[in-house]
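S.K.: Residues per chain, in single letters:
There are 2 protein chains.
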Amino acid sequence: MIPHDRHLKIGSFLFEGLDQIDLTGPFEVLSQIPNSTYSVFGKTTDPVRDIHGLKLTADATLAEAPQLDVLHVPGGFGQEALMEDDEVLDWVRRQALGAHSVFSVCTGALICGAAGLLVGRRATTHWSAFHLLPYFGATPVDERVVVDGNWVFAAGVTAGIDGALRLAAGLRGRRAAERIQLAMQYAPEPPFDSGTPQSAPAEVLEAARVSVAKLTAQREETARRAAKRLGVDLPDTAG
Amino acid sequence: MIPHDRHLKIGSFLFEGLDQIDLTGPFEVLSQIPNSTYSVFGKTTDPVRDIHGLKLTADATLAEAPQLDVLHVPGGFGQEALMEDDEVLDWVRRQALGAHSVFSVCTGALICGAAGLLVGRRATTHWSAFHLLPYFGATPVDERVVVDGNWVFAAGVTAGIDGALRLAAGLRGRRAAERIQLAMQYAPEPPFDSGTPQSAPAEVLEAARVSVAKLTAQREETARRAAKRLGVDLPDTAG
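Residue numbers (UniProt numbering), protein chains in the order written: chain A, 1 to 239; chain B, 1 to 239.
Same shape as in the complex, but just chain A (with noise of 0.2 angstroms):
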């Protein structure tokens, strides 16, 4: 826990192409937090659209934002474009250096892995991009929030909801988390049981593998060229 005088300054990285829930989710988190600020930030403060459409806007550009106390990198298919976008790179690199905690959800974590912040981490990210982790050095954890340190890392999408509540609870205490949980109503009831690979029906896996297969392709051909700019020593399954 950190002093609660201590103000928190918040901070989300918003791109074109995100999952926004990746984004959303821990915002409604994380904007709670007692004694913070929260801000989003973009390469520019035009609008941006999530991978679905949504229309999302940050408050401020990267070369704005003040050091953070809490880094936020969500993730979702535009995180590709970004890969080996050096202005981004150094921007994630500097401030989580810098920031008291980093939480990365979903492929955020590809994000944070080509920065070179994932060697030698335990870490977590999407299901269907779980394997890449170790081109970054990364041990894969396959649990739905891993913490290693002063990092949070959240598995797909929806996993960053529960992640940012565990981090709540790290940084201002339980009490806090357990009020922000009861403003949203936080008690979930998925209507059916598919929300991993191990539980999701194999047809309902199989066509899922399918619809994502080119730019699984893709990212691990990024990973690759990734593991050796990192000097990472390539995982013998992955050739």
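The hints are simulated quantities; they were obtained by calculation from the structure and are not laboratory data. Quantities reported herein were computed from a predicted structural model and do not represent experimental measurements. Glycine is no exception: its CB is placed at the ideal position from the N, C-alpha and C atoms. Do not rely on the hints blindly, as some may be mistaken.
Stated by the list, open to error - Calculated lysine-lysine pairs in the DSBU-like style (CA-CA distance at most 30 angstroms, straight line):
(1) A:K214 - B:K9
(2) A:K9 - A:K55
(3) A:K55 - A:K214
(4) B:K55 - A:K43
(5) B:K214 - B:K55
(6) B:K43 - B:K214
(7) B:K9 - B:K43
(8) A:K43 - A:K55
(9) A:K228 - A:K43
(10) A:K43 - B:K43
(11) B:K9 - B:K55
(12) B:K214 - A:K9
(13) B:K55 - A:K9
(14) B:K43 - A:K55
(15) A:K43 - A:K214
(16) A:K55 - B:K9
(17) B:K43 - B:K228
(18) A:K55 - B:K55
(19) A:K214 - A:K228
(20) A:K9 - A:K43
(21) B:K214 - B:K228
(22) B:K55 - B:K43
Stated by the list, open to error - DEER-style ranges, computed between Cβ atoms:
(23) B:D86 - A:V147: 46 to 56 angstroms
(24) A:V119 - B:D86: 57 to 67 angstroms
(25) A:L234 - B:N150: 52 to 62 angstroms
Position chain B relative to chain A; hints supplied.
M.R.: Structure of chain B alone, referenced to chain A:
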């Protein structure tokens, strides 16, 4: 279920001071429904801020909206400013009456109620506004998701995700909903058991009640006026 070859127009109502995840949670689900188009409609296409400051922008104005097949009405404290806003109430009423399905999330139910749409319906809303439903002629049902005819009501905030998955299954079948659930890795693991008034620690509930007391009193005033306007007999307990 609706025939798969019938294209669905899905739309959310965006307004200043909404609780963003009332919109973005369902967006994540409904924007992935096969053979559909999702748009966000607002009074203007200028960006608005959610209650905690997230900047969201509508795709088009209310006047530009076609008749929707699925109307989604989110809530949030900003709902209160719309309870006697004829432009909004007329739009919601007209859209709801022409839609195949109506989806109310959180205190979006109060907006629908003010539009006269809840008379005789079984409904739910955020726990802090649950007692207000009878003012709009509705029967409160204390469940996370309530289905009444072609209406789906989700309780507070994050209940919108569960409600949207139920709605998706109703529109396109269970398999379609399961695919969406897997894509968003929705297998929630709330770290605490504080998501309902029944489960939250007493001090957490008390603090939450205090923090919304002023708004609740104001909502009661407004609901009383609505009841009068709608010709609803005030419930005994409401005086």
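S.K.: None of the hints should be skipped; say for each whether it holds.
M.R.: Do the hints match the structure? See the list:
1. Taken as a hint, the A:K214 and B:K9 pair is honoured in the structure, with Cα atoms around 28 angstroms apart against an allowance of 30 angstroms.
2. A distance of roughly 24 angstroms separates the Cα atoms of A:K9 and A:K55; the hinted pair therefore holds under the 30 angstroms criterion.
3. Distance restraint check for A:K55 and A:K214: the Cα-Cα separation of roughly 25 angstroms lies within the 30 angstroms cut-off, and the hinted pair is therefore satisfied.
4. In summary, the hint linking B:K55 to A:K43 is supported, as the alpha carbons are separated by about 15 angstroms, within the 30 angstroms threshold.
5. This hinted pair checks out: B:K214 and B:K55 have alpha carbons roughly 25 angstroms apart, not beyond 30 angstroms.
6. This hinted pair checks out: B:K43 and B:K214 have alpha carbons roughly 27 angstroms apart, not beyond 30 angstroms.
7. For the proposed pair B:K9 and B:K43, the alpha carbon gap of about 19 angstroms is at most 30 angstroms, so the pair holds.
8. About 15 angstroms separates the Cα atoms of A:K43 and A:K55, which keeps this hinted pair within 30 angstroms; it holds.
9. Of the supplied pair hints, the one linking A:K228 and A:K43 holds, its CA atoms being roughly 27 angstroms apart against a limit of 30 angstroms.
10. A distance of roughly 28 angstroms separates the Cα atoms of A:K43 and B:K43; the hinted pair therefore holds under the 30 angstroms criterion.
11. For a cut-off of 30 angstroms, the pair hint linking B:K9 to B:K55 stands: about 24 angstroms separates their Cα positions.
12. For a cut-off of 30 angstroms, the pair hint linking B:K214 to A:K9 stands: about 28 angstroms separates their Cα positions.
13. The suggested pairing of B:K55 with A:K9 holds, with an alpha-carbon distance near 18 angstroms, which does not exceed 30 angstroms.
14. A distance of roughly 15 angstroms separates the Cα atoms of B:K43 and A:K55; the hinted pair therefore holds under the 30 angstroms criterion.
15. A C-alpha spacing of about 27 angstroms is found between A:K43 and A:K214, which places the hinted pair at or below 30 angstroms, so the restraint holds.
16. Straight-line distance between C-alpha atoms of A:K55 and B:K9 comes to about 18 angstroms, which keeps the hinted pair within the 30 angstroms bound.
17. The hinted pair formed by B:K43 and B:K228 meets the criterion: a straight-line CA distance of about 27 angstroms does not exceed 30 angstroms.
18. The suggested pairing of A:K55 with B:K55 holds, with an alpha-carbon distance near 9 angstroms, which does not exceed 30 angstroms.
19. A threshold of 30 angstroms between alpha carbons decides the hint, and for A:K214 with A:K228 the separation of about 22 angstroms falls inside it, so the pair holds.
20. For a cut-off of 30 angstroms, the pair hint linking A:K9 to A:K43 stands: about 19 angstroms separates their Cα positions.
21. A threshold of 30 angstroms between alpha carbons decides the hint, and for B:K214 with B:K228 the separation of about 22 angstroms falls inside it, so the pair holds.
22. Proximity of B:K55 to B:K43 is assessed by CA-CA distance (about 15 angstroms); at most 30 angstroms being required, the pair is judged to hold.
23. At roughly 51 angstroms, the beta-carbon separation of B:D86 and A:V147 lies within the given 46 to 56 angstroms, and the hint holds.
24. Taken as a hint, the range 57 to 67 angstroms holds for the pair A:V119 and B:D86, whose Cβ atoms sit roughly 60 angstroms apart.
25. Distance hint check for A:L234 and B:N150: the Cβ-Cβ separation is about 54 angstroms, which falls inside the suggested range of 52 to 62 angstroms.
Checked against the numbered hints listed earlier, the structure breaks none of them; every hint is satisfied.
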